[in-house]
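Turn these sequences into a full structure, and let the hints steer you where they fit.
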Amino acid sequence: MAVTCTGEGRVLRAALSGEVDHHGARAIMEELNRQIDLELPRELTIDLEGVTFMDSSGIAVLLRAWRRVGELGGSVQVVNVPAQAAKVLKTAGLDKLMKFA
Amino acid sequence: MKPINEAAVSFLSRSSNEGFARTAAACFAAQLDPTLEEINDIKTAVSEAVTNCIVHAYPDRLGRVSLRLRLFEDNSLEIQVKDWGVGIADVEEARRPMFTTGSAERSGMGFTIMESFMDAVKVRSRPGKGTVVTLRRKLSRRMGAAV
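For the protein sequence lines, the chains are A and B, in the order given. Read in order, the letters of the first sequence are residues 1 to 101 in our numbering. Read in order, the letters of the second sequence are residues 102 to 248 in our numbering.
Incorrect hints may have been included.
Straight-line alpha carbon distances no greater than 27 Å define the calculated DSSO-like cross-link-like pairs of lysine-lysine that follow [what the hints assert, rightly or not]:
1) A:K90 <-> B:K239
2) B:K103 <-> B:K239
3) B:K239 <-> A:K87
Hints listed in this document are in silico derivations from the structure and should not be mistaken for laboratory results. Source: prediction; values computed, not measured.
Set out below in structure tokens:
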């Protein structure tokens with residue numbers, strides 16, 4: 001599975017892995033949305049350590065999660081961002097919308 | 102300027118070929134002994150260009166996508182991604198950040214990423230005939246280059 005979620009007490013951690021491109025983005029989005037709707041998190045941490053490649057599909061994945069968690073009044077932070085993914089996400093200005101650690 | 106090396110591949114517009122296309126481009130570029138960042142930039146830009154073909158050029162059918170890679174003496178790489186799909190009516194609008202006619206998993210940042218990661222991006226398109234995206238990137242000269 002390209003996304004593994006662990007959650008407790010409205011704190012959700014989602015670890016993405018593998019290649020996040022258009023081919024895999026829909027499955028990742030659906031699983032992330034399912035987990036968000038299940039946990040209704042106040043804090044969502046998206047861990048990108050296992051991501052080996054990301055293109056602009058990753059921007060859409062993160063933006064969608066950020067919007068959904070925002071609707072719930074929660075916040076999103078992105079951790080362990082590999083250099084290649086960081087360059088893509090920063091090009092879209094996502095580091096200004098959510099916390100990158 | 103004549104290329105010193107050239108390769109071409111052609112494939113169907115299946116999303117599973119996105120990974121194949123960017124890996125093929127990275128393998129070809131590897132003979133210039135690029136840095137990891139240069140390889141990643143090339144893979145990212147090719148992924149965007151090929152995904153555009155798969156999502157936009159052939160929205161409701163499978164079509165052919167061609168990838169032509171050329172190396173030049175000045176250590177520059179030219180990548181041409183061509184399709185014979187629906188074409189783009191307004192290229193300027195398509196290149197605008199956040200513009201997309203695609204589904205939820207598209208961000209509208211494809212051309213912005215290509216422009217940020219490459220030195221030059223040229224788009225030629227004719228509605229009903231297809232689109233050619235040409236990406237250029239000059240790579241740093243390093244000792245390990247094979248050509």
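Taking the hints in turn, this is what the structure says about them:
| no. | hint | in the structure |
| --- | --- | --- |
| 1 | A:K90 <-> B:K239 | holds, 22 Å |
| 2 | B:K103 <-> B:K239 | holds, 15 Å |
| 3 | B:K239 <-> A:K87 | holds, 19 Å |
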